[in-house]
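Enquirer: Please work from the sequences and hints to get the whole structure.
Protein chains: 2
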Amino acid sequence: MDKKMIDYTLYLVTDRELMSCDTIEESVERAIAGGASVVQLREKNATSREFYELAVRVKKITAPRGVPLIINDRIDICLAADTNGVHLGQKDIPCDIARRILGSEKIIGVSAATPEEAAKAERDGADYLGVGAVFSTSTKTDTRPVTPEIIRGIRAAVTIPFVVIGGINSENIETLKGLGINGAAVVSAVVAQPDIETAARTMRAAVEKIK
Amino acid sequence: MDKKMIDYTLYLVTDRELMSCDTIEESVERAIAGGASVVQLREKNATSREFYELAVRVKKITAPRGVPLIINDRIDICLAADTNGVHLGQKDIPCDIARRILGSEKIIGVSAATPEEAAKAERDGADYLGVGAVFSTSTKTDTRPVTPEIIRGIRAAVTIPFVVIGGINSENIETLKGLGINGAAVVSAVVAQPDIETAARTMRAAVEKIK
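For the protein sequence lines, the chains are A and B, in the order given.
The letter at position 211 of the first sequence is residue 276 when you use the numbering used here, and the numbering goes up by one with no holes.
The letter at position 163 of the second sequence is residue 228 when you use the numbering used here, and the numbering goes up by one with no holes.
No wet-lab data here; the hints were simulated from the structure.
Wrong hints could be hidden among the right ones.
The list treats identical chains as one, so a pair stands whether inside a single copy or across any two.
[What the hints assert, rightly or not] With a straight-line cut-off of 25 Å between C-alpha atoms, the simulated DSS-like cross-links for lysine-lysine are:
1) K125 with K156
2) K69 with K276
3) K124 with K68
4) K109 with K156
5) K125 with K274
6) K125 with K242
7) K68 with K276
8) K185 with K68
9) K109 with K276
10) K125 with K69
11) K276 with K242
Expert: Here it is in structure tokens:
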């Protein structure tokens, strides 16, 4: 996979608790059918074996469709299932250490809420950033508010692409137009909706309008 | 570190909740002073960053003393902090996958409660086994009882060393004499005692008598 060619427009983050269907695999398949262009698996309560086996199963859906599969936090799961990369929060293993372990081919994303965190992530080898939370969200409770001003500061601070994350839906994203974002990471706006494929399609169209 | 030369006699497993002193580092330092010959860091609630930073700090204690530092479950923490190895339960990443990721130099231990699990772990590249729970224990609640008969079956099934684990103290270990065990893994019998160094010394003497 050519990392420079990745389409970050609609970045799906899975959530077992919120999803409207029975399996993570089903939610991923439907979201991709609706236009999700990157998939991040986030599992906070699974055993390592469960997370590994899930990643192997989901890769069978993402790989044939050319959609990068990113693992939240767990570098070992990425290596074990040979997925495309990892996403690291500020409480996860530091990006420079992760880059040393994973080599140059794997995608590494880093969560950043300030221009300083963003610039450090780029220096440490990140391929993209997750910037947020841009709106209030029920998915994560430990987030800081990231204003349009901060987003502009982050855009000025780095050359790598970034997606915004946090409480985004197809309506409120309009307020983020003109800020230079490369895509939107969504959880409940897609996987919690009754029709995941349609929700993804609606969300993707909304992101394309403001990019 | 020559893996064949490792002394498994007193295998310390850390426990933040049970320890009698203020820091994991202090409990490890005192246990080694009392004769602990392997240290396993087990952290079930830490963030990846916290676990990584703890491993880096504890390695500064174990490495100069020639004591192998093993990480419970998390292959990524082992790689990030460059510790000596990992210990994998049956709910963790499979041993053969872990071996592929870690290469031949790192130590891999696997939990086994039956001769079948033990034989599979050896085939899959394990360097040692953790066999238990041999006694009832408050540390883990999801364990199956491993009888002396099962221990004999495991000893017959594998050539690699194994430590017994689960509710072991310096008195009840006497009932495990003559079973071919290579060491005892202890949590509360050492780290929960008021004087960790003395508890380790007492425990080590008890293990040496039954080996």
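Enquirer: For K276 and K242, with the copy left unspecified, which applies at a CA distance of at most 25 Å: within, between, both, or neither?
Expert: Only inside one copy: K276 and K242 sit 7 Å apart there, 71 Å across copies, limit 25 Å.
Enquirer: I want to check one pair: K109 and K156. Are their C-alpha atoms no more than 25 Å apart within a copy, between two copies, both, or neither?
Expert: both (13 Å within a copy, 15 Å between copies)
Enquirer: Checking K125 and K242: alpha-carbon separation at most 25 Å within a copy, between copies, both or neither?
Expert: neither (35 Å within a copy, 50 Å between copies)
Enquirer: From the Cα coordinates, with 25 Å as the cut-off, is the pair K125 and K69 best called within, between, both, or neither?
Expert: Intra 23 Å, inter 39 Å, cutoff 25 Å: intra-copy only.
Enquirer: Can you tell me if K185 and K68 fall within 25 Å by alpha carbon in one copy, between copies, both or neither?
Expert: Within one copy only: 20 Å inside a chain, 38 Å across chains, cut-off 25 Å.
Enquirer: Taking 25 Å as the upper bound on the Cα-Cα distance, should K68 and K276 be classified as within, between, both, or neither?
Expert: within (19 Å within a copy, 55 Å between copies)
Enquirer: Indicate which option fits the pair K125, K156 if close means a Cα-Cα distance not exceeding 25 Å: within, between, both or neither.
Expert: This pair counts as between: shortest inter-copy Cα distance 22 Å, intra-copy 29 Å.
Enquirer: Between the shortest in-copy and the shortest cross-copy C-alpha distance, which are at most 25 Å for K125 and K274: within, between, both, or neither?
Expert: neither (31 Å within a copy, 53 Å between copies)
Enquirer: Please work out whether the CA atoms of K69 and K276 approach to 25 Å or closer within one copy, between two copies, in both situations, or in neither?
Expert: Within one copy only: 17 Å inside a chain, 58 Å across chains, cut-off 25 Å.
Enquirer: Between K124 and K68, at a C-alpha cutoff of 25 Å, which is it: within one copy, between copies, both, or neither?
Expert: within (17 Å within a copy, 35 Å between copies)
Enquirer: Cα distance capped at 25 Å. Does K109 pair with K276 within a copy, between copies, both, or neither?
Expert: Neither way: K109 and K276 sit 31 Å apart in one copy and 41 Å across, limit 25 Å.
Taken one by one, the earlier hints fail for this structure at numbers 5, 6, 9, listed in ascending order.
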